[in-house]
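Asker: So the chains spell out like this:
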Amino acid sequence: MKNVGARFRNRKINNKQLLHVYRAVDIPDLDETLNLQRSIPQTETGVDKEEETEHHLQAAISASNLSTTTGEAKALYIPTPDASRKIDNYRDFYSRAFTEPSTLIRFSSTVEDCVGCPYNMDDEDDKWLKEFNEKRDKDDMLDEDHYELIMWQFEKITNERVPYLQLDSGQIPPLDDLTATFTGPQLLPLKKVATSVYPWWSDRRTKRGGKVITPQLKAGFSSILNAFEEVVRNESDPYLCFRRRESKPIRKTRRTDQQSIEKLRKLRMEMESARSLLEMVSRREKVRKESLVLEHMIFDQRCKVREYRKNLGIKDDDDDIQSQKKKIRKVGETSATIRIPLNFKDREAISAQEDSRKDRSALSSIESELAKRREDDVGWEDLTDNPYQPFLVPYAQQCFKILPQQRNGKYVSFRKRMGRGGRLHIDRQYARPRSSSYRDPYQKDPYGMYDGVNTFDKFRFDDDSFDQEDVIDDVRDAMIRYRCTLLSETDLRSLSTSSRHHFIPITHGGHPQ
Amino acid sequence: MSAASSPFPSTVITGGTIGSIIIGCKLQVLHGNPPEYRKAEILSIRPTPTPEDATRSEYYVHYSDYNKRLDEWVVPERLNLLGEIEFPKVKKPKTVLAGIGKETGKGSEPGTPGASNGGRVAKNNRKSNLSKASKAGKAGDTASPAPGTPGTPGGASTVAGNKRKASAMDEAGGASQDKDGQVPSIKVNGEDEDEDEDGQGGDDTPGLDDDGASEYSKEREIEKLRTSGSMTQDPHEVARVKNLNMIQFGKHEVETWYFSPYPVEYAHLPILYICEFCLSYFPAVKQLSRHRTKCSLQHPPGNEIYRKDNISFFEIDGRKQKVYCRNLCLLSKLFLDHKALYYDVDPFLFYVMTVRDEDGAHLIGYFSKEKESSEQYNVACILTLPQYQRMGYGRLLIAFSYELSKVEKRLGSPEKPLSDLGLLSYRAFWSEAIVILLLEQHKTGVELSIDDIASRTAFQPTDVLHTLQTLNALKYYHGQYVIVLSETVIKNAERALKKSRREIDPRALVWKPIHFTATQLRFL
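In the order they appear, the protein sequences are chains A and B. If you read the first sequence in the numbering used here, its first letter stands for residue 56, the second for the next number, and so on. If you read the second sequence in the numbering used here, its first letter stands for residue 4, the second for the next number, and so on.
It is possible that some hints are incorrect.
Straight-line alpha carbon distances no greater than 16 Å define the calculated EDC-like cross-link-like pairs of lysine to aspartate or glutamate that follow [as the list claims (entries may be wrong)]: (1) B:Lys325 x A:Glu167; (2) B:Lys297 x A:Asp177; (3) B:Lys254 x A:Asp137; (4) B:Lys311 x A:Asp137; (5) B:Lys374 x B:Glu318.
On the chain A side, residues computed to face chain B include the following (Cβ under 10 Å) [unchecked claim]: (6) Gln72; (7) Tyr77; (8) Asp103; (9) Thr158; (10) Glu167; (11) Asn175; (12) Asp177; (13) Glu203; (14) Thr311.
Keep in mind that the hints were calculated from the coordinates and are not lab data. Virtual Cβ for every residue (Gly too), placed ideally from N, Cα, C.
Excised from the complex, chain A in its bound form (with noise of 0.2 Å):
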């Protein structure tokens, strides 16, 4: 074992390991040596390298360390400069009570919104307002509020219009150029005393060198000044402080620029797609007036050609233009009339003025036509154009037979099979018949109305309207009530014809019994 303990490599502890907590106390049988073999490199403490030899600090980890390993407790301290002092002035400065308003303070406006006048009088100052004031007269004085609202209001207007004033102290501005700025009701009776500043305010920033008398921090770029020296002098100067940082490069793949990047396309696309609908449109109504003007022109070179055959007397291709006479009026009319209306009603109407105009004759043999094939299917479903194509019942399904009498409303089927050794089993399901819900859209057309389809797709989109009226809601009560009434109770029995194949299992009970 010590052989082990002393071949052993030190290892990393796992952060996820789970550690036991124990007191001294518990583990009386701790071996020290083999933990000083075992020790775990240590991790560094986050000091300053050149920082961490230094003697005070030195002192107190070892006097820490003392007090975790023997208990000693002698609190160290680093020995800082002294802070101790205190004014015995203070209330000359810091007067005003505070009262703690009850709820936690919200507050965000800014040491420039709460100082007042930025300009505060210095020594030099109050000793040339107080000589200044000696010279004038008991009510005219010139209070310290007033000089430095002066102060001000010079300083500011100069830092504006010449912010370069420090490189040509000669551009000072003149003073009429700073009273002019003395307007409001706060400056406005400030500007006949301003006069008298003026030249101890010139006198002072000319001797700053044209700098603003308050000195300023060197902060990155907080004025064109500083950006300026910025330039010019070196980048390390301890005294320049607060620079600016670049602003970060932008990342191409940021989300938020990728979704707006997106919404913008889309648009694009939705007003593009708009632009070419609209051309569209323009576009079929040209082709649609060249059309008429030209059925409009065909028409009357057959009229022409048909006045010419009767002068001419020449009468062989009758058929030919008789039937091409037919279809020019249909064409025609129907382009007169331009709108099919789409909802039912007038459908009707539309289909009984097309029978009135129908030959009777013919239309009765298409009706003992069509008699005579419903006759023939009666029990039959037409499924040629139902897209719903059941799916195939597996074989063993097939088989069920139903019975035609109808037990709790369910109809009962029945299938014959052989099992094991002979013996005959008979399987009971009950079933339910299915009908096919779908109904042909036309079916209400029976005269072929729409087999004009050039007609009907000519001015299909044509109405406004359509969109709306397209929309049908299938579960709604009137529509569920009509598909009801689709089905009669004979129709459902005829179906049992073709039951193979229109039954499906409601449930799974058909197992073997």
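Chain B: place on chain A using the hints.
Answerer: Below, chain B alone, put in the same frame as chain A:
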């Protein structure tokens, strides 16, 4: 920078004169109470002439192996001139090291004369230092010009091997140095100097460079270009010397710890006055009192998302409250060495902890948090103001940061590097939370994995492992790893539990994580 880390061996001389001390020298300096000699590096020198000694200067020293917050100005008497003095080996400008040569073929002719001959340059340096210092004295310049700024020679040395966090900045610095070296006479440089001069003396100091300019000669010009101005003054050298001494914040006067880029005009003021509610800064009491008559803020300008007893947390969006957040960063930079103010505050949310009394909600500390952290950090910078340190507020801040992570259903860790104080605070918090959890788990007798601990505390697994190691709790027992809590660990935890302390109450947190869209984050 220790001698070992320097790629060039240093020249060691035993014994020297005060005049021979230049920036980069390492020698024994008296420090501490009781005072003892410690090895320290000279980072800057400022002349403080007296009628008796016109060349008298003060020296800004960094004690090797002590935190930078103990760096200080010392009088020459505290330097041990009899002991060993390590002079920096002057090397070719570090541009070569930084690999800037590739930028331009001209890189091989840096503007430093005699760069190849380290010894001579070092001598020159000393000479120039002396002459400059004496000149300053003759000129009767009683005001103290800014230390660590152009007036002091030798800035070109001591840079290589100074591995700071931002290597990009290193390179940028090198590049500009190189450029300036090549084209010493373009107008830009002149402006540079004006700029610095301004910063140096404020309104009353003519500055040393003026002297140099009046005695124009080609040699002097080159020497000046090499040793003064911002061209050879490595920016890190400037930043290594803290520029403020003290701030007045609310009723407290607090000594600063590190450099912070407050306007250069305010550098080396005795006290900078900061309004404790809007964090605006003023060089004079008069301005503060004028400001206070107008400032209406009495709490941080954001939404209060937590209130329990008199402790509140405010959530502030760096994008919306730019001025406040910038001011907060400037303030905290005074106490955080590794805080980077290179970029603006927009990508961060600031969680500001306040304690309330009749005057308002006073800032105690804060932490900032990236709106979208690519490395699962739940804290970027975290600070308890020094006047509130060692009162348990740091623990509250840390606990609150993890409460936010729990609401977000994420694991979090503070951004690295940690400061020394940060490491100790986090370690204490982690181990306490984990020990309490393990004690409960021990009662149930159910095993758990490091991931389980992580998900229940919202600590990152590496931090859990780190803590278990510092607790010495991971043991190998009967063929597998187990967690063993020693009796002392348990006792410490129980003692901590008994103490009546402020705790974060998750029920008092009214907060929903803010989700920023990709576009919002893009323009940060």
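Asker: Hint by hint, say whether it matches the structure.
Answerer: Do the hints match the structure? See the list:
Of the supplied pair hints, the one linking Lys325 (chain B) and Glu167 (chain A) holds, its CA atoms being roughly 10 Å apart against a limit of 16 Å. Using a Cα cut-off of 16 Å, the hinted pair Lys297 (chain B) and Asp177 (chain A) holds, with the two alpha carbons roughly 15 Å apart. Proximity of Lys254 (chain B) to Asp137 (chain A) is assessed by CA-CA distance (about 14 Å); at most 16 Å being required, the pair is judged to hold. A C-alpha spacing of about 30 Å is found between Lys311 (chain B) and Asp137 (chain A), which places the hinted pair above 16 Å, so the restraint is violated.
Our distance criterion of 16 Å between C-alpha atoms is met by Lys374 (chain B) and Glu318 (chain B), whose separation comes to about 12 Å. Interface hint status for Gln72 (chain A): upheld, as the beta-carbon distance to the closest one in chain B is roughly 6 Å, under 10 Å. Interface restraint check: Tyr77 (chain A) against chain B, minimum CB-CB distance 5 Å, threshold 10 Å, status holds. Hint status for Asp103 (chain A): holds, given a least beta-carbon distance of 4 Å to chain B, under 10 Å.
Among the interface hints, the one on Thr158 (chain A) holds; its C-beta lies about 9 Å from the nearest C-beta in chain B, closer than the 10 Å criterion. The interface hint given for Glu167 (chain A) holds, since its Cβ lies 6 Å from the closest Cβ of chain B, which is under the 10 Å cut-off. Checking Asn175 (chain A) against chain B by beta carbon gives a least distance of about 4 Å; that is within 10 Å, so the hint holds. At a threshold of 10 Å, the smallest CB-CB gap from Asp177 (chain A) to chain B is about 5 Å, leaving the interface hint in force.
Taken as an interface hint, Glu203 (chain A) checks out: its beta carbon lies about 7 Å from the nearest beta carbon of chain B, inside 10 Å. Against a cut-off of 10 Å between C-beta atoms, the interface hint on Thr311 (chain A) holds, since the closest Cβ of chain B lies about 6 Å away.
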